[in-house]
Amino acid sequence: MTVLRSALDTRSGGYAENRDAMLAKLAEIGEQTRKALDGGGQKYVDRHRARGKLLARERIELLLDQDSPFLELSPLAAWGTEFPVGGSVVTGIGVVEGVECLITASDPTVRGGSSNPWTVRKSFRANDIALANRLPVISLIESGGADLPTQKEIFIPGGRLFRDLTRLSAAGIPTVTIVFGNSTAGGAYVPGMSDHVVMIRERSKVFLGGPPLVKMATGEESDDESLGGAEMHARASGLADYLAADEHDAIRIGRRIVARLNWRKLGPRQAAGPVAPLHDEEELLGIVPPDLRVPFDPREVIARVVDGSDFDEFKPSYGTSLVTGWASVHGYPVGILANSQGVLFSAESQKAAQFIQLANQVDTPLIFLHNTTGYMVGSQYEQGGIIKHGAMMINAVSNSAVPHISILIGASYGAGHYGMCGRAYDPRFLFAWPSAKSAVMGPAQLAGVLSIVSRAAAQAAGRPFDEDADAAMRAMVESQIEAESLPMFLSGRIYDDGIIDPRDTRTVLGLCLSVSHGAAVSGATGYGVFRM
Amino acid sequence: MTPVITRVLVANRGEIARRIFRSCRDLGLATVAVYSDADAGGLHVAEADSAVRLPGAASADTYLRGEQIIEAALLAGADAVHPGYGFLSENAAFAAAVQAAGLTWIGPPPAAIAAMGSKVESKRLMREAGVPVLAEVDPAAVTEADLPVLIKASAGGGGRGMRIVRTLAELPAGLAAASSEAASAFGDGTVFCEPYLQRGRHIEVQVVADQAGTIWTVGERECSIQRRHQKIIEEAPSPLAEQVPELRQQLFTAARAAAAAIGYLNAGTVEFLVDAAASRPRCYFLEMNTRLQVEHPVTECTTGLDLVALQLQIAAGRLLPAAPPASSGHAIEVRLYAEDPAAGWQPQSGMLHAFELPGNPVEFGAGGWPAGPRPLLRLDSGVGTGSQVGVHYDPMLAKVIACAADRAQAALFLAGVLERARIHGLVTNRDLLVRVLRDAEFLAGQTDTAFFESHDFAALTAPLADDHAVELSAVAAALADAAARQQAARVLGGLPSGWRNLPSQLQRKRYAGHDVGYLLARDGLTVDGRDDITLVSMAPDLVVLQAGRVRYTFEVAAYPGLVCVDSALGPVRLTPAEPFADPSAQVPAGSLVAPMPGTVVRLAAAVGDQVRAGQPLLWLEAMKMQHVIAAPADGIVEELPVTVGQQVEVGAVLAVVKPEEAT
Chain A
6 MTVLRSALDT RSGGYAENRD AMLAKLAEIG EQTRKALDGG GQKYVDRHRA RGKLLARERI
66 ELLLDQDSPF LELSPLAAWG TEFPVGGSVV TGIGVVEGVE CLITASDPTV RGGSSNPWTV
126 RKSFRANDIA LANRLPVISL IESGGADLPT QKEIFIPGGR LFRDLTRLSA AGIPTVTIVF
186 GNSTAGGAYV PGMSDHVVMI RERSKVFLGG PPLVKMATGE ESDDESLGGA EMHARASGLA
246 DYLAADEHDA IRIGRRIVAR LNWRKLGPRQ AAGPVAPLHD EEELLGIVPP DLRVPFDPRE
306 VIARVVDGSD FDEFKPSYGT SLVTGWASVH GYPVGILANS QGVLFSAESQ KAAQFIQLAN
366 QVDTPLIFLH NTTGYMVGSQ YEQGGIIKHG AMMINAVSNS AVPHISILIG ASYGAGHYGM
426 CGRAYDPRFL FAWPSAKSAV MGPAQLAGVL SIVSRAAAQA AGRPFDEDAD AAMRAMVESQ
486 IEAESLPMFL SGRIYDDGII DPRDTRTVLG LCLSVSHGAA VSGATGYGVF RM
Chain B
50 MTPVITRVLV ANRGEIARRI FRSCRDLGLA TVAVYSDADA GGLHVAEADS AVRLPGAASA
110 DTYLRGEQII EAALLAGADA VHPGYGFLSE NAAFAAAVQA AGLTWIGPPP AAIAAMGSKV
170 ESKRLMREAG VPVLAEVDPA AVTEADLPVL IKASAGGGGR GMRIVRTLAE LPAGLAAASS
230 EAASAFGDGT VFCEPYLQRG RHIEVQVVAD QAGTIWTVGE RECSIQRRHQ KIIEEAPSPL
290 AEQVPELRQQ LFTAARAAAA AIGYLNAGTV EFLVDAAASR PRCYFLEMNT RLQVEHPVTE
350 CTTGLDLVAL QLQIAAGRLL PAAPPASSGH AIEVRLYAED PAAGWQPQSG MLHAFELPGN
410 PVEFGAGGWP AGPRPLLRLD SGVGTGSQVG VHYDPMLAKV IACAADRAQA ALFLAGVLER
470 ARIHGLVTNR DLLVRVLRDA EFLAGQTDTA FFESHDFAAL TAPLADDHAV ELSAVAAALA
530 DAAARQQAAR VLGGLPSGWR NLPSQLQRKR YAGHDVGYLL ARDGLTVDGR DDITLVSMAP
590 DLVVLQAGRV RYTFEVAAYP GLVCVDSALG PVRLTPAEPF ADPSAQVPAG SLVAPMPGTV
650 VRLAAAVGDQ VRAGQPLLWL EAMKMQHVIA APADGIVEEL PVTVGQQVEV GAVLAVVKPE
710 EAT
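So the sequences go chain by chain: A and B. Take any residue in the first sequence, note its place counting from 1, add 5, and you have its number in the numbering used here. Take any residue in the second sequence, note its place counting from 1, add 49, and you have its number in the numbering used here.
No lab work stands behind these hints: they were computed from the structure. A portion of the hints provided could be inaccurate.
To be verified - Covered stretches of chain A (chain B as the covering partner; in silico rule of three or more C-beta atoms under 8 Å from a C-beta of chain B):
(1) 99-109
(2) 247-258
(3) 386-398
As the list claims (entries may be wrong) - List of simulated lysine to any residue pairs, SDA-like, C-alpha gap at most 20 Å:
(4) B:LYS707 to A:ARG206
(5) A:LYS40 to B:GLN554
(6) A:LYS58 to B:ALA653
(7) A:LYS393 to A:ALA449
(8) A:LYS40 to B:LEU551
From the three backbone atoms N, C-alpha and C, an ideal C-beta is built for every residue, glycine too.
Looking at chain B on its own, in the form it has when it is part of the complex:
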């Protein structure tokens, strides 16, 4: 019986949940969201027709709780479940449970998921089906000749449980680390080794299969720009496949064989590693992702397909036309992460004060873009202005996708959009993405998985805004602040900013690392240390300056403890310093004196004791009340000139604590 789908629960969060909801709406299907406590205010919750809470915040307590999600689907009256990517999307048991609950599973059959679930097992299957695979190396039998090798988690994905081993000495530690990482990430510590291709290219093929046995290969994607084995830039078509025409046919044939071998149904992706160093590039099967891929938008942009709509239609029993639509143009996707690449890719959390892209992005695309002369922009975002980014989930904020007639246009357009995006409140990998997109080798199609290792990483992660940009931006920030203060002034706001009948000194504004001294007078702006800057206009959110003969426009946004300045010179974050030190941050002097006359009733410290701030040292009784005399700061008790029972006068020194030297 053909299932009828009317209401879809998406067992996911963030951008992918929103992406799937968009296709559901297009097809007239109702939507159900699930959300953890941390996501209660999330955009995907607000957009769904109904939403069911999953108590808790950690993934293990929420989005990984299959039984709760199925319960939610039944509660909300959903008749189908879409898993998105990640979380339970490649969990065969969950897929089976969804089906057992009488719900439609939007994805491949559980058996196909299971077949591809084990990397070791799937490679064996593929080898048997005639799909080229990399020779497997027994971790216990790795020799010098096999090096370098890559250790991988059998159940893995997303780079976790992966280690490159270049010397035999590193092997035992690498195996142990990969295994424990795999065990904690996937609940399965099984690892295996395969030859490591130093300059491999990661190319994958999108397949879509229906019940009638039609298997489409809907173009390839190249995802070679990776950090720590995690893709950050993906594109379609593959630059390598464009350069080596027979490679595409090789990939398509292998992908089709892979899908056919396991009776695949619905959308999936077959990933290959391509040895570009060989005289004739050869591809090797890596794994098959039995779900929607993060980077599916680049395929949608070049084919006009709506892959999610196709997934829903195939799940409902619809059949594919004989051939997929042709591809045209070039699409590039970047993953914008709340992370600091220069600080070991440290994830960032906090308030996203602003998130705005220039160039009218189409949210979650709509498919069917003509590859015209004008580049187009797509945004798949899980967050927006005002979103709170937490620590519980992947720090990816959004995917930004550009589509143009050719690769260089798409890359440069996307770089320009990212550079001018207003992303306030969180450090992101934006600057790195822009530098990669503008890198000469990248533009020449020289992308491989060792891109970051073979480039000057410090130069790639350097901020887009140079010292000159920061200096001008700080001046703009100071002037925007002046304009804001003028507007907010309770009195005399109509007078010129900082007016003096006798100007004697500069107005000073301090930002961490940048002091700005300026004076606004009848003859214009004077900036300390710069005689080439003139003011064109100033407003709380927009300052126009001329430096030398060049005019720049600065967009300024001030938030508590943060000022963001965006201009053609690059985005700049400034931390304003308060003009006065916070007295509560100052350590009071170490002498403790009696607040009133009284009797010392108890001592709790002795001379030489190491004490912590707030630790009681002695008790003083006065007027029937006992008063605690506590250490004002961490330090050493230097003097304690009182004894129990001693009467003290007001102001008498009771103890002296020498504060520890500030470190």
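Just chain A, with the same shape it has in the complex:
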């Protein structure tokens, strides 16, 4: 046992200030999340209920094992866009008959559950998670199809949805679709590409073309039931494997299908009887200062997240701006990389590259706690090979094959975001704390750089430099970059899997680690050439 001691003074003014700021941000995010939970609003919720139908989240709750956890993914998808927050689909990971499953449910209260570009992107992300972690997929479908005015952004990329389903199946990952209502035209291929299909009597409608289209195409007079009713598909077409009496029955059948998958996870099991951290996770609210220029010790976070606050630090005296070490979370062994002083120097980069390789040698998942302003700049560092050393770290993280989980707890700027396994580096999961910010550089720096460049340009052209215009430009750019580096903005673009309450960090990590062990956990067998 190497127990982390905490130096956090919960009675200090700084702690209270940090905590208040974090709670304020959480409240703000909660308000936005509420919009996703409200779906299409009271009017459409009432109308949906009046038809005797369950809401998307009610369907999911009924599908899940009672009292089991559920992690909703990308809840703020489409935030800051012209489309409703949430992307008219609910995606998440939950337990069905003792099996961790990736569940998606269209939200028919939001524009009839029709797909917009963000629905599609959110679904892609869910499918990626299912494939990487070998999660059986359960789709609860009730969708009016594509949002036609935005078809240009849906039609061509959207075909991936069907490709994903059959590739999941080809990878041995079962796919189950329960059709609660319409799933027509392109949507018909969701049951069409699924391994197991449940339809509901007098509710499910699955056809390529509805009566008007058929009339136009061939002149045939037809009706919904004969073209795509559940009874027809169960008895005639064979597209439905199970015919359910109602929504509850369909969910019951869905659960039975999963129960009979005889599902086995391929990764090792967690150690029994993990102990909680010795320090209170409630205190995670008071660690990160609202001003990210003020550094904080990530060990205070680690001490409140890992089993027994037990952390064996690797190279503690070398490259001290990056903390590396070994711990376990909910019984799963992990290696942790956490930025300490923001900046990554050559030593930190080399330390990270070594540590990532060590983790791969012993098939140990990695957790990245981001609070970095990027790799160090300046002639001394450039001459010292900072690019080369940063490249080593990025090489290692790119080719590492163990599961990665990234959590943006503070800043995540520049190439530091890449080296710490940003979104483009395919971590299995990436979450942000409300305190996080991510961009190519800090807003003030970015505005300053623009200002210097334009001043230089003015000088070169011999033009007078408009100081007022420059100040206005700087303020505008600064506020724009600030806004675009905030977690809600990034979450809206599905650059993370969700913003989490810092106090949920251990729980989210535990869930994601367990899910990651659905696939075999084995380290990399090769890397790109390390430039020495």
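Starting from the known structure of chain A, arrange chain B on it as the hints suggest.
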């Protein structure tokens, strides 16, 4: 010659067999049990040194088969037979047969049993011996002035064959009913009438007599709390005798005279009806039970005697000391029945999932309890956790006996023990017993045989747990279930129960009559419809909740289809409802379609026919196989659009059965 007893067969079952075995063990005697097929797994069988099967289950085929029991005794090498109570215990012919087989009969001489066997005859004997008896009324000559009268079976006991008649019009039907009941219960339909004392008290005297003619009167017992003439609460001493000192002497003198009149030997009980309404209470001889009494433990608890040991010793020829030990303290016994008092005392059967009493009960006592400041608890039980309670025998599960320095202490202690007992799986009369023990009139000693008639019966049978208790218990059950699921989870069991990063709705658990909606989150427990409940701790078997400012601990036990919650608020039974309807319980739609192309070869129904589920309607031949098309549900054949010889395509409608409206 003095008989030597070394191995005792007990011709009985359940708690009394176990009780007798305990004394046998104390005296170093070996034990033999007999058991019916229904009792093969019974505790009394497991406890005996050896056991002999009596094939069959009904009493008439097993415990009432004297010749088989004697054969069993000889087979197992027993040299004595103890009959317990009930069954053959007051059967003089059986006692004589036991003796004729060379075995020692642990009980009175057959002649004494016979003398007391007939109620009519015994009353005559007693009247002659100067024992006060109630005037007998000839059933044929009952007049208005005699009313009300009680019809009794001459050979009876246990309330069977008894009827109260309040009007002359009721008499003929009452006589007929009592007679037929007596005939079926005792093989003798003889009945008689006696004046019915509206508020009589049932008081009895324990006697023990030896061969030298010493007759002990070992204290009295009062058994006035009866349901349908069957005792359910018994105590020693009698509260009435405590209030009216000369009554006890009256009872003892009469009991001694009764025993002496028939040359009684061994332990027995003389039962009296006491007219408490009279200015000076008077007692009347009812009957003498020539055996060990069910309620003997209250006498043991107040005297320290082991009555069964005395029975065994007297049967072996030992003599009694001159005087019995003095009585002290107060003992109350309740009979815990697997029956539902609120549903006409309907007997219950099934698995007794748990049977645990708090307060360290002494099983079957050991005699010699000092009446100290601390109440003591005794349990005489025929069942335990995991016992199967069948339909063949008396539904009494156990006798629970409390002994304390005074009556109120004993009653309140016993009520507390019963209230907190964990009795799972069967409905019992427990709640009723607790309410009686806590009843103000009961505590004041105002007990009479009409107790239930003169009290608000609905209030007495009301569950101890009120709506508030049930509501909290249901919440506790739901949380215990959540904890159990977390422990049993194959994945993610280490995460907080029901964790959501975006809580949007409540967890729902349904119990028959009670829906619980709750949410466990960082800030604690939220319960739908209650804002005063907070969670202190939860585990699969123990949940601690705080309601308002009061903290309660709930013990929760889940069984298939049943959840039992015990707390200071009272025991609660909950029936969990499955979240999904059972599809096999759903009636399929009435249309029957051809499962494959074929030819109709035979019709077995016509339009308008009433059909039962599973009844064949027609046969379809396809690919050399004949397929039966049967009715999916009870109902009426509405359509039958096919004829014999007709070719049908797959999916063609063959028949439509309109299911009967569900009732």
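Okay, the hints, checked on the actual structure:
no.	hint	verdict
1	99-109	holds (count 4)
2	247-258	holds (count 5)
3	386-398	violated (count 0)
4	B:LYS707 to A:ARG206	19 Å, holds
5	A:LYS40 to B:GLN554	15 Å, holds
6	A:LYS58 to B:ALA653	42 Å, violated
7	A:LYS393 to A:ALA449	27 Å, violated
8	A:LYS40 to B:LEU551	12 Å, holds
Of the numbered hints listed earlier, those contradicted by the structure are 3, 6 and 7.
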